[in-house]
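These protein sequence lines map, in sequence, to chains S and D. Take my numbering: the last position of the first sequence gets the number 654, and nothing is skipped along the way. Take my numbering: the last position of the second sequence gets the number 1203, and nothing is skipped along the way.
These are calculated hints, taken from the structure and not from any lab test. Errors might be hidden in some of the hints.
Claimed, not checked - Cut-off 20 angstroms, straight-line C-alpha distance, at most; resulting in silico cross-link-like pairs (DMTMM-like, lysine to aspartate or glutamate):
#	chain 1	residue 1	chain 2	residue 2
1	D	Lys964	S	Asp602
2	D	Lys964	S	Glu598
3	S	Lys166	D	Glu1109
4	D	Lys968	S	Asp602
What the hints assert, rightly or not - Interface residues of chain S toward chain D, partial, derived using beta-carbon atoms under 8 angstroms:
#	residue
5	Trp65
6	Tyr69
7	Gly74
8	Leu164
9	Lys173
10	Phe194
11	Val472
12	Val531
13	Ile587
14	Asp597
15	Asp602
As the list claims (entries may be wrong) - Stretches of chain S that chain D covers, calculated by requiring three or more beta carbons in the stretch to come under 8 angstroms of a beta carbon on chain D:
#	stretch
16	75 to 81
17	137 to 151
18	181 to 193
Idealized CB from N, CA, C, for every residue including glycine.
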Amino acid sequence: MPLLDHLWIIPSLPLLGAALNGLFGARWPKRWVDVVGVGTTGLAFAATLELIREFAHLRADQVPWSKSYLTWIGAGNFRAGFDLQVDQLTIVMLLVVTGVGWLIHIYSTGYMAHEGGYYRFFAEMNLFTFFMLTLVMAANFVLLFVGWEGVGLCSYLLIGFFFLRKSAADAGKKAFIVTRIGDFGFTLGILLIFWVFGSVDYATVFNRAAGMPVENAGQPGVLTSISLLLLAGAIGKSAQLPLYVWLPDAMEGPTPVSALIHAATMVTAGVYMVARAHILYSHAPIAMTTVAVIGGLTALYAATIGLVQTDIKRVLAYSTVSQIGYMFLACGVGAFSAGIFHLMTHAFFKALLFLAAGSVIHAMGGEQDMRRMGGLRKQIPWTYWTMLLATLSISGAPLFAGFFSKDKILFETAVSLYGGRVLWAIALVAALLTAFYMFRLIFLTFHGAPRYDAHATHVHESPKNMLAPLVVLAVLSVVGGWVAAPALSGGADYFEIYLAPVFAKSSALLATAGGETESRTLELQLMGVAVGLATLGFLVAWWFYIRRPQTPEWLAETFHAPYKLLLNKYYVDELYNLAIIRPIGWISTRLLWQVVDEGAIDGSVNGVAHTARRLGSRLRVLASGNTRSYAAWVLVGAVLLLGLLLWPLLGMVR
Amino acid sequence: MDFFHNHILSVVLFTPLVGSLLALFIPRENENAHRVLGNVFGILGFLVSLPLIWWFNPSTKGFQLIENLDWIPSIGARYTLGIDGISFLLVMLTTLLGAISILSSWSAIQARVKEYYLLFLLLQTGMLGVFMSLDFFLFYVFWEVMLVPMYFLIGVWGSERRLYAAIKFFLYTLAGSVVMLLGILAVYFNYSKLTGGTYTFDIPTLLASVSQSSDAFRTWLFWGFFFAFAIKVPMFPFHTWLPDAHTEAPTAGSVILAGVLLKMGTYGFIRFSLPLMPQGVVARQRIVGVMVALSIISIIYGALVCMMQKDMKKLIAYSSVSHLGFCTLGLFALTPMGLSGSVIQQINHGISTGALFLIVGVLYERRHTRLISEFGGLSTPMPSFAAVYMIITLSSLGMPLLNGFIGEFTILRGVFEVNKTWAAWGVIGIILGAAYLLWLYQRVMFGPVTNPANEHLPDLNLREQATLVPLVLLALWIGVYPKPLFRYLDVPVRQIVERVNPGYYPAERATAPLESAPAGAPGAAPAAVLELDKHPTDSHPSPSPAEKE
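With these hints in hand, go ahead and build the complete structure from the sequences.
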């Protein structure tokens, strides 16, 4: 069992790639950078496959399989080590991170071929992969936090990859700081975990938490506090309300970055974390409800903004925020495996959507505004067809990957104790909007008449190293959900069964807490409603953008105020700027620095300093490099002051 | 060899002074000879301190490598040197940063070269003496000795407003140290009163003698020492000398000022103020309350003021106020984690902020300005500089796997078990830290090169790399494997906590898993849960578990 005994190999591979490219890449030819960057990720994927094979032979009581390496921070009774662990949840995440990650690395060799800092790009992408693998393989909360902050750092660096653009550098900084605001809660959550459980190791924490009573709504306790604090971190990292504002701006980064970090992996880390700590959440109903409500609202909210955006990547960014909302919704209603299922299928189709969008941008010579596209279907057929498949998948077209995962979430929301009709309805409306904005994107980009200058823009299909990942991801976007297909005809949902051991304790708890009625007829009925609404979304998009292309303009003029509100993203950025950033600037400059520091404190010392300055200029004459006479002055002064101050002291001692 | 072994501390202490004296005999015209001499003794000072790593035993209690000689018998002053784990780390930091900052001065200092190196080496001896002295009289001498060269370093080799800054620095520090002298004398006379006429300046003896005194006397003593150390750290509201001194000092001066000098304040708090704390819970609580409040204000205040600075050096100077606030916060949590985190953070601050000042120095030597607005887009002409600066920025803002995180996290751990709100304020400071450091980096390094003067700036030269790379490697090493550092702190920290927070250890055994037991020891679980039931809310007003009863 070579890999089970040496779990460290998997994250180390991309770390090695990052180190090699980072240190020597500048002097290497592109070819070598490719080999190292893509090769190490590919090897990590291969290692993951081997790990899965070995993992299958483990007995149920050997899972989670964990390995302790070096003690990292060990002081007093506190220990946090470089400990890795593998269970079914980790396996799913590993497959997504290394598999999709590898495809995106391959794609990047084509997409980034003409950019400066090629080696830097691959070094940072590999470093990201390393941290993401650390995040999903960590066996304690502190190591999880290492991965968590590490992916945030790489996200910062890669968003700002085109650092010559101020907007890119700004976006990177915004991403880092907004997610750090969430980490405020995350850090306190970890500290509270240690305070409560005396350990930060998953095994200890989760075992003890499982033995604690459920903290019902009337009596929130420590588990509720921990869950909510951790959730703050997840909200920041996974771009949920109200901390989602960094993700749309993060589209300033190169498109493969958007695909890997801001669609497939990092932004879903929050979902992974909630699923990983499911036992804490299932003991804290208030936290569960919070997760579900935030997820549901975000799914709807972001979808509404996505309706009117014109930048192809921004539409996808809001779509990502919205889809992650679904995953949170799933976790919040206790359907953890459904959340992870959607995480996986989303990784397939959203990565594909971004990569295809990148291919479009590549074809258009850098154009991202859909108003200046149109009719590209014929020129870039591979891009078109793959992107169409991904769109069908995200919209929930029957038998596509997204269909299975999204329907699972909708159904669980409808029947779960923590869900209910309202959340279900919200999620349904979001599904309708999703189908609409996605087909709007397809129609605006690929259909209709070209709206760009055909002479100035030489539209061309992307090279093979970019198309191959598109095709693979397209296949996955179609078949990726079939593991759950037998459930449709009354069979088993193999994805859920695979993850069942991970979530067993929570499932048991939730099953006893509320009478969940699994009814296949109900499931099929709900499914019908969802598919019907998605079809409606498609039809409306078709009507607006193919049949009657003047409709959107007419709507925008008729409903000017709501349209403006959506176009400006509900003015949230402006609100934050006005309510938070400006006051901080004002307080720092006007109040603290100029009034308190230079006015009050320095002012009161100023008298002394002023006298001293005159004294000093005289001193300079006296001293003029002569240390001895200067020392004499010090002595005289000290003795004088001493004499004055010693008086009361002597009285006290006596 | 035996002599070397027996007098290792004296050798480390006086090596720089020997260089300083030798410089007297070299004619001032021969500038390069002075540079070579300065560097030789800077590096030599570091090399002779290396054997300490082997000869100092981290698991032995109390002071080690002690040297004890008669000095001024009439007043009981002796020449006593000795180190424990805390001073060991600070001594190593001092010799390393000393060597690095002397190297960084090679081309930056062009005027009065002889005096510069002479004073710098003298400063080294002064600082090392402060960390090694076990005799109050000796300690005070070194404390004052170090003041003089620093005054001149700022006043002679500084920039435009150097004289103002130097005098401000001098007055502030002197005011503090005079009050401290009073405190020292009070302890001194108090001891002779207790023993009926025996006089000694021996620090352990004197501090032990205080334990028989009234809490009122101890409180008085605490505040006496407080001013000296609070000014040195500096804590709000005694910090305003720092931005001026840092901004005006030459690069190497700023590195030493931030890297080592400020630590003399926190070191003083650990060595003297903590043992002097009154024993009564109420009196102690009052002091802890004030100290923690000032620490938190320093953290937030420093960070906020950083945000809007236009001068790079001033920004980093204010960031020191914020970072040192963390150190004092950790100290006055009076928990082992808080204390060891605080010492580690002091070392980290020396590394990260020292490196940040070197980085500003690199730019200052090229452009002779420190204004942030003068720069922008430097990543393009200076890629290696960009990488080093990024790593240092990350280390300073507490990125895991770099040194800053270890210190901050350990401090927060130690503070959290006392009071959750305090820890929450600390975390806010960390967020603000990320904001001002990244914004600074962005304005200096990113974007297109807007100022034509920056277009062809040379990248780091070999000498600059030699100053920065060791610090980067240290930052990485401490970030990934901090265990050796903690090993030096376990024993002295335990001793201090046993003294100042006597209830801590028994309580810890009752409520938390055993120290050596691997995490997940089954026996510990019920205790932890039980403890929880008693405190269902998360407010924890008292500073130690022991005092809850």
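* To do: State the violated hints by number, sorted upward, taking the hints as numbered earlier in the document.
  => Structure breaks hints 5, 6, 11 and 12.
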